[in-house]
Amino acid sequence: MTLDVLYFAWLRERIGAPKERVETAAATVRELVAELVALDDNHAAALSDLSAVRVAVDQELADLDHSLDGVREVAFFPPMTGG
Amino acid sequence: MTLDVLYFAWLRERIGAPKERVETAAATVRELVAELVALDDNHAAALSDLSAVRVAVDQELADLDHSLDGVREVAFFPPMTGG
Amino acid sequence: MLVRVQQEEFDPASLLRGFGPGAGAVVTFTGVVRGDTGRMRALELEHYPGMTERAMSAIAGQAQQRWNLIDVAAVHRFGRLEVGAQIMMVATAARHRAEAFAAAEFLMDYLKSRAPFWKREIGADGPGDWVEAKSSDEDALSRWD
Amino acid sequence: MLVRVQQEEFDPASLLRGFGPGAGAVVTFTGVVRGDTGRMRALELEHYPGMTERAMSAIAGQAQQRWNLIDVAAVHRFGRLEVGAQIMMVATAARHRAEAFAAAEFLMDYLKSRAPFWKREIGADGPGDWVEAKSSDEDALSRWD
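These protein sequence lines map, in sequence, to chains A, B, C and D. Residue numbers for the first sequence follow the numbering used here, so the first one is 190 and each next one is one higher. Residue numbers for the second sequence follow the numbering used here, so the first one is 190 and each next one is one higher. Residue numbers for the third sequence follow the numbering used here, so the first one is 768 and each next one is one higher. Residue numbers for the fourth sequence follow the numbering used here, so the first one is 768 and each next one is one higher.
Treat the hints as calculated values from the structure; they're not laboratory data. Everything numeric in this text was worked out from a predicted model, so none of it was measured. Please note that the accuracy of each hint is not assured.
[What the hints assert, rightly or not] In the EDC-like style, the derived pairs of lysine to aspartate or glutamate whose C-alpha atoms are separated by at most 16 Å in a straight line are:
#1 B/Lys208 <-> C/Glu813
#2 B/Lys208 <-> B/Glu262
#3 A/Lys208 <-> D/Glu905
Required output: the full structure, derived from the provided sequences and hints.
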């Protein structure tokens, strides 16, 4: 399965890119995170503290156990500060 | 003592005038009301149900026991409906 | 602080030009004449000249102190106001949103029941009933005690 | 319902022209860039194009249903916003004031913590820290459960 993975704010900065295309067999967000963390130090640093990370799956907020079945886009970002 | 007595909204309509000058020896608003009620039927009708009447003494909300000492203007009106 | 009582229409944009410098949060409330019943053409607002300005200034001053507002404004019209017309506006400026919202609600609750205005409905046949004060409006005040 | 995400300045008066026909109560909230610290020149707002519009529309739709609003609007800017600039605005139109106020506060609480925007401070030397989410903002959401 091919996924677009997006990063925002300080996660984008730590990863060093706003977006990457990932080939994965992960069934859930949590499994995807484990694969990303194994990629390199940047990914490991960005995704080390998941309590500070929020997830969107196909542009809807989701939790780590959300299924990736049929999903095209996953985003990781810090808690939002709009308004 | 000479007082300006003002009426608003339906009290003004029942009294038949927005304002009258009153010569009185009343010590409190309550005593003034008793004198006004004794004047004629219009005053009696307007001031019969004091639970529906609010009072201002020199343009500040006041209760019936407020002193008239040094006062120049007393107003009677229904509960306010601003905003 | 801006407090105005006037017959004329007001323009919110020009009233708010330069309002609350340094504020992070600006809340406005605008009251408009509703034409729910279909029979009503307009509202006639009577007020108590002199006391109205005093009461509105006192209410605005209380809000300013209580929430440490950067600025506060209250404009209220009187006279004949057609369905759809603006009746009044309050605006509050504060550092944060919670203060600006609370102060605007406080101002509205007090203006409703403590500023000397009286509304009556005007129908096709002329003046109708005086609008009765709602007990819910009186009750709303108690939350600020 | 009006939902907009844009870089450009917005004009509240033109956004509110014809807003909420038949409403008795219109509430607006405007967020402005504060320059409290003195060091900060501007905010940089990053957002998630696509998701932002979806999230804002969903939040506005929830408010509209929950309070039976006559109209609702939400505009949010992104990019570099100087101290004193407008960041965003929400507006609600309802029959009565309690609904319009509650819906506007609900919208703000949700936009703060559930719309994908991230703020960072820009000082004289360039980009500074990302603004951290406040636990009080997260807590504010629980009052709507």
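Hints, verified against the model:
1. B/Lys208 <-> C/Glu813: holds, 14 Å
2. B/Lys208 <-> B/Glu262: holds, 10 Å
3. A/Lys208 <-> D/Glu905: violated, 27 Å
Comparing the model with each earlier hint shows a violation of hint 3 alone; every other hint is respected.
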